[in-house]
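Student: Sequence:
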Amino acid sequence: MLQLQQLRQDPELVKKKLAVKYFGEPGLVDEIIVLDDQRKKVQLEFDTNKSQVNSISKEIGQLMAKGQKEEAEQRKQAVAGLNASLQPISEKLAETEKQLTDLLLKLPNLPSDNVPAGKTPAENVVAREGGSKPALPEGSVPHWDLIRKYDIVDFETGAKITGSGFPLYKGKGAKLQRALIQYFLDYNTGAGYTEYLPPFMVNEATAYGTGQLPDKEGQMYYMPADNLYMIPTSEVPVTNIYRDEIVKADDLPIRMTAYSPCFRREAGSFGKDVRGLNRVHQFEKVEIVQLVHPDKSYDALEEMVAHVEKLLQSLELPYRILKLCGGDMSFTSAFTYDFEVFSAAQERWLEVSSVSNFEAYQSNRMKIRFKDANGKTQLVHSLNGSSLALPRILACLLENNQTAEGIKLPGVLHKYFGEEKLA
RNA sequence: GGAGACGUGUCCGAGUGGUUGAAGGAGCACGCCUGGAAAGUGUGUAUACGGGAAACCGUAUCGCGAGUUCGAAUCUCGCCGUCUCCGCCA
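Residue numbers (our numbering): 8 to 430.
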């Protein structure tokens with residue numbers, strides 16, 4: 008959530024930035040400021056009245072101690088009246104505060120200054136490309152055929168057990184998943200990220216912290232009996248590790264990595280381009296998260312991008328890195344790079360990672376702060392990225408490396424998979 | 001799931017309903033002391049919001065939320081969490 012202070016400082020600038028994201032209700036900014044003025048007035052009124060009540064109550068205590076019962080009784084009468092008039096003020100204050108938060112929650116994060124202009128994915132900007140697209144041999148097929156050929160993912164049985172979009176990995180397929188997870192985690196911890204294995208369900212407060220709630224509950228699986236949500240990414244539990252904490256400046260940056268399955272309802276998005284592993288309800292992912300000093304968050308972003316890029320290079324996959332345009336960025340992001348790998352048989356790019364700087368948007372919700380050099384408490388900046396999401400990586404590995412003798416695996420995976428080829 | 005105990009600041013730990021934002025330690029920071037260190041010693045050491053140029057003042061916060069009361073860390077209820085015992089269980 009944006010900080011009120013930001014809005015008050017320069018409302019016009021805020022509106023200009025919201026326009027970059029094609030946010031439809033710029034009027035909210037002024038509405039919020041008016042409401043905040045009102046809140047201040049009401050709070051001042053409440054504080055003044057409450058202060059009187061408190062001091063008279065104290066006097067009552069002192070009078071009682073001295074045994075001056077009648078004096079005390081008189082004061083009680085006075086306080087009763089004050090309290091009665093305080094009641095509506097107190098309600099008004101609570102109501103105004105709630106309205107204010109509700110409105111603030113409707114505002115998306117502001118895009119950073121160098122976010123490319125544009126409304127649709129077509130206007131995203133290619134930052135750079137790497138690797139080379141393979142020339143596939145005659146008779147090459149998409150991964151959903153290869154999956155059957157090698158009998159490594161069984162969608163039908165997954166659908167029988169759970170429903171469509173819940174793949175059942177089998178044999179070498181299951182092992183390759185495990186190998187990839189292990190490799191990714193090793194790669195991340197090697198770069199200084201601390202490994203976590205978080206809970207796969209979270210409570211409301213946690214889902215709220217990273218921005219899944221309110222409004223996006225439709226995208227998560229929900230367990231009403233226990234009021235818990237299945238995580239759509241480990242970003243959610245991992246970033247919340249530091250919720251409501253003030254960390255030492257020396258502890259920054261905090262780097263965390265975690266593997267988790269990710270559960271996504273993908274309501275409304277099924278229908279096309281969902282064959283095979285392209286879009287599923289449950290998938291495996293290894294995530295990286297950083298909490299950093301606000302001055303360093305864009306350095307951290309570049310560092311994370313370079314980190315993920317090297318990982319893709321080590322997998323020898325053709326990739327490109329996109330800077331998302333304002334209109335295509337997520338609600339909570341200030342700047343996002345998407346990573347896509349080229350799926351040679353499908354001849355299309357598939358998103359395998361998204362690395363974002365949320366600046367103080369998430370930390371303001373979660374109240375993750377640190378003490379700066381002057382002893383002042385400040386919000387940290389939070390960032391995260393996939394490193395990496397597995398299904399589409401698997402799809403590309405299969406398609407791009409298919410040979411008559413089997414799937415040739417990149418060198419880095421040999422020791423994790425135990426073989427050089429999947430056949 | 002059942003029964004009981006508990007939940008106070010960075011940590012430990014007091015706290016008969018009335019100057020308790022909270023004793024006392026420890027830790028930490030900055031001084032003094034010292035050749036240097038330890039010990040000793042002095043001061044400081046929560047967060048948020050509001051008012052104020054500032055000093056500072058006000059309000060709220062003792063797991064969370066309601067309630068009783070002139071007044072709640074302290075009493076009542078609900079929820080969450082921790083521990084112990086029993087049950088169940090990988």
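By construction, these hints were calculated from the structure, which means they are not laboratory data.
Please note: incorrect hints may appear among the correct ones.
[Claimed, not checked] No farther apart than 27 angstroms at their CA atoms in a straight line, the calculated lysine-lysine pairs in the DSSO-like style are these:
hint: 1; residue 1: Lys-113; residue 2: Lys-140
hint: 2; residue 1: Lys-48; residue 2: Lys-378
hint: 3; residue 1: Lys-113; residue 2: Lys-22
[Unchecked claim] Pairwise CB distance ranges, derived in the manner of DEER restraints:
hint: 4; residue 1: Gln-106; residue 2: Asp-54; range: 36 to 44 angstroms
hint: 5; residue 1: Ser-97; residue 2: Thr-384; range: 21 to 29 angstroms
hint: 6; residue 1: Lys-76; residue 2: Pro-221; range: 49 to 57 angstroms
hint: 7; residue 1: Lys-378; residue 2: Leu-112; range: 41 to 49 angstroms
Every value quoted in this text rests on a predicted model; they were computed, and no experiment measured them.
Ideal Cβ positions, reconstructed from N, Cα and C, are used throughout, including at glycine.
Student: Each of the hints needs a verdict: does it hold here or not?
Tutor: Hint check results:
1. Lys-113 / Lys-140: 42 angstroms, violated
2. Lys-48 / Lys-378: 30 angstroms, violated
3. Lys-113 / Lys-22: Distance ~13 angstroms between Lys-113 and Lys-22 Cα, so the pair holds.
4. Gln-106 / Asp-54: 36 to 44 angstroms: 19 angstroms, violated
5. Ser-97 / Thr-384: 21 to 29 angstroms: Hint holds: Cβ distance 28 angstroms, inside 21 to 29 angstroms.
6. Lys-76 / Pro-221: 49 to 57 angstroms: 52 angstroms, holds
7. Lys-378 / Leu-112: 41 to 49 angstroms: Once the Cβ atoms are compared, 27 angstroms apart, the range 41 to 49 angstroms for Leu-112 and Lys-378 is violated.
Hints 1, 2, 4, 7 from the list above are not met by this structure, while the remaining hints are.
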